[in-house]
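Asker: The lines below spell out each chain.
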Amino acid sequence: MRKRTHWRDNLRLVGLCLTIWFVVSFGFGILLLDQLNQIEVAGVRLGFWFAQQGSIYVFVALIFFYARRMAAIDRDHGVDED
Amino acid sequence: MELQTLTYLVVGASFALYIAIALLSQARSTGEFYVAGKHVHPVANGMATAADWMSAASFISMAGLIAFLGYDGSVYLMGWTGGYVLLALLIAPYLRRFGKFTVPEFIGERYDSQAARIVAVLCLIIISFTYVAGQMRGVGIVFSRFLNVEISVGLMVGMAIVFFYAVVGGMKGITYTQVAQYCVLIFAYTVPAAFISLQVTGTPIPQLAFGSAVVDGGGFLLGKLDRVVTDLGFAAYTSGTRSRVDVFFITLALMIGTAGLPHVIVRFFTVPRVRDARMSAGWALLFIAILYTTAPAVAALARLNLTQTIQPGPVGEADGNLAYEDRPTWFKTWEETRLLQFEDKNGDGRIQYYDDSNAEFAADALAYGWRGNELRVDRDIIVLANPEIAGLPDWVVALVAAGGIAAALSTAAGLLLVISSAVSHDLLKGVFARQVSERGELTAGRISAGVAILVAGYLGYNPPGFVAQVVALAFGLAAASLFPAILLGIFSFRVNKQGAIAGMLSGLAFTLGYIVYFKGVFVAPFAENVRENWLFGISPEGIGALGALLNFGVAMGVSMLTPPPSGQVRELVERIRVPSRGEQPGRGEALERC
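Top to bottom, those sequences are chains A and B. Under the numbering used here, the first residue of the first sequence is numbered 1, with each subsequent residue one higher. Under the numbering used here, the first residue of the second sequence is numbered 1, with each subsequent residue one higher.
A portion of the hints provided could be inaccurate.
SDA-like, lysine to any residue: derived pairs with alpha carbons at most 20 Å apart [stated by the list, open to error]: (1) Lys100(B) with Ala444(B); (2) Lys3(A) with Arg575(B); (3) Lys3(A) with Phe98(B).
In short, the hints are calculated from the structure, not lab data.
Sequences are here, hints too, so could you generate the full structure?
Answerer: This is the structure:
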């Protein structure tokens, strides 16, 4: 049972992270490129910025967020490794 | 000191470092040879993964590619970083929990099938050899350009170095040399980038240069760049020309492919705990992101620099273009290597650099008295010539050479190791000679690493005509064959061996077929590689994503029609999904010494 709820929490977290992953890259960087390019910050078109910079920053943050949250989930379910 | 001598010194010193590390970290057991004894610290593994991942192509070619593709180049940036999110969330921690040595081993056990394991080995070998040929070529090219030696000599030296630390040290030796190689390559990449950024925008941080104004007037960097290139008939830098669908699929194929590349996955087998595997993926991507966020800035800065050097005055005025005899020194240097080629088509003694394939710009060009684009620029020049264009001291140029070699060697070593472990562990120990002793297996691993290096060296010296095409192939195959099989193996209980094998083979056949159809590998292409002919408007570079979807569909469909996997397989899946308190990290897991 403990394992089942652990897996459910894991999937929920993965789902959230993958949604963000999709939105910043495929969403902001590709599908919504033209709309976001209308917005310019410091001379950089926003869609272009997400495609070449922003998505990468979010990816890095996302993995660390996932790793930390997962460590907490492991602990809560008593399956952490130490 | 002569630049040549200095370069020899810097490159030589870096080689001495790698050899010293190899001597200090010899592999004494198969566990150390395949997965460095699972004792690697997550941050060290992150650095090693970054070096493993960033190849000669990332180091030498990527910024140049982006410089000439503009927005379209984003597929590489997002594709080759976003894959780590998939790796960290969907693959690495579970395979670390599985706790064995290779990717085919996981597929073989999860699907309880030697056939599945052999199919996986086949995919792994095709993918890895494709890749490694390009790396060895990269080593040869760097040697010949910076050290003025024959490509063959450069290759030989590169092979000898890799042979030494891969064969002696196995994964353990490779890991710690990769850490050193990461430091060399990232330093070599960021130093010239900081200088060029400082010169053009006044800020030494390339990532900030994107949002800065240029110092010689004309407003913000990207706005000015868009203006300067469109004035010459080129596509606007920030909008690009590929169709949205194609950009989407190429990005997806590169992401899935990244997460399915065996030499990357196996790096996460080397950390002590599941938790470390997750964290380590974060560190890996952070270290990669340092280069990957610098590259697009270098691309934009260098493109502006180059365009303005050739076209210092207004477009269309007779003296707006650079006179050939006034060309700067770096121009002459790189003309000798033929990376820059000038042909005075209209005989005015000046260089015209514009897009002569743009029909709308043709009339203007004709009116200016231009008779076609006169400058051919190899994109590799963006990184290689950067220090000279920016007028940096010789030691920086020497460092770039060492960095390029480090990038190529580290990736080559990682690839050679997965090839050798697939042969010695999966084929030999797993299938054909199951009684082989630990010592025998270790020797077999060393021999197959040695043979793989010879084959890679041969491929690097005689690159098959399709090397440029095969990058798409390597990623497409990794995406369409291995990734779905691994993912379903973790996230589904129901997918069985029939499903997995059918899925892998259909993904492989479809992707391979599509690429051969348009690009012709070994045979002539069957159709012209243009948008009108593509399936759903997806180019061969992006077809791996569709191949992966096909693999998922076939695997699930066939599994539904055939009996479910055994209870043992179910237990395996249950086990890898959850970390365990009971198992002590990195100890007692097949680490017996011989």
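Asker: Hints numbered earlier in the text: which of these fail when held up against the supplied structure?
Answerer: none
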